[in-house]
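Student: Okay, here's what each chain looks like letter by letter:
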Amino acid sequence: MIKNILTVGDSFTHGDELADRTNAWPYVLAKRLESNVNNRGDPGCGNWRMVRWVIESAKDADLVIIAWSSFLRQEFADATGDYIVWPGAQRKWYTQYSENRFELIKYITIHNNEEYLYRQYLNYIILIQNYLNQQNKKYIMLDAFDNHQHQGRTRNKDLIDQIDTKYFLGWPNESMAEWTYIDGMTFGKFGHFLESGHVIVADKIYEHIRHLGWIS
Amino acid sequence: MNWLRSIYNRIKLEIAYRKKLKELRKRDPFIYK
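Chains as they are written, first to last, in the working numbering: chain A, 2 to 217; chain B, 856 to 888.
Certain hints may be false.
No more than 20 Å apart at the CA atoms, straight line, and that leaves these computed lysine to aspartate or glutamate pairs for EDC-like [said to hold, decoys possible]:
id, chain 1, residue 1, chain 2, residue 2
1, B, Lys875, A, Glu196
2, B, Lys881, A, Glu115
3, B, Lys877, A, Asp83
Reference excerpt, derived from the structure (chain B facing chain A, CB under 8 Å, subset only) [claimed, not checked]:
id, residue
4, Trp858
5, Ile862
6, Ile866
7, Ile870
8, Ala871
9, Lys875
These are calculated hints, taken from the structure and not from any lab test. All figures in this text were calculated on a predicted structure; none of them were measured in a lab. Even glycine gets a Cβ: it sits at the ideal position worked out from N, Cα and C.
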């Protein structure tokens, strides 16, 4: 019996660009499972923030679902709080908050190291899977987009071999993007899939849960 | 002359940043629009 679900992810999990955010996949899935959901989807979220939130919020969850975001997103913090830098993609966001942050994003955009960041993302996966195993929590991971296209997935065997892909939906070649960016689908102005896409994602996760034998 | 060096460094950073943005947009016009 899955009573409480925790979902963490980025804008796709948050339900960006939906007229009603309760049509986002975490709520659609929770309805099908007749569960409560604590949806910690956050627009622009990076993977380290997700790791922190899983550790902070998994205590009461029977099932944790982590929808990883782009491995390029990095978290920093200054006196006004923490924030995510996504190299090259956030000029407007940063100028409106702080010029100092924008100086940093320029630097990070020019000088980041993709291979290092990809390995960092693999490390996050391993950390969280081991943490949730230790806590006896059921979990499912998936990618929102982008990560599976990086060639790091064919290298870095030392880390890849430690990932339990049974619980990683879509591994190694699929993400939410492959399931939803198909003919006939509609998208928001900023490229997010809309209601029908969220139903597809919820269905995929539901089927995987059933396949794992967690529901009958 | 520190102020001059500071302006020079800022301009250098801005040029390198815009060049990198162009590269990124070519790679993925959806994300980096």
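Student: It remains to establish, for every hint, whether it holds in the given structure.
Tutor: So, going through the hints one by one against the coordinates:
| no. | hint | in the structure |
| --- | --- | --- |
| 1 | B:Lys875 to A:Glu196 | violated, 35 Å |
| 2 | B:Lys881 to A:Glu115 | holds, 17 Å |
| 3 | B:Lys877 to A:Asp83 | violated, 28 Å |
| 4 | Trp858 | violated, 17 Å |
| 5 | Ile862 | violated, 14 Å |
| 6 | Ile866 | violated, 12 Å |
| 7 | Ile870 | violated, 10 Å |
| 8 | Ala871 | holds, 5 Å |
| 9 | Lys875 | holds, 5 Å |
In this structure, the earlier hints numbered 1, 3, 4, 5, 6 and 7 are contradicted, and the remaining ones agree with it.
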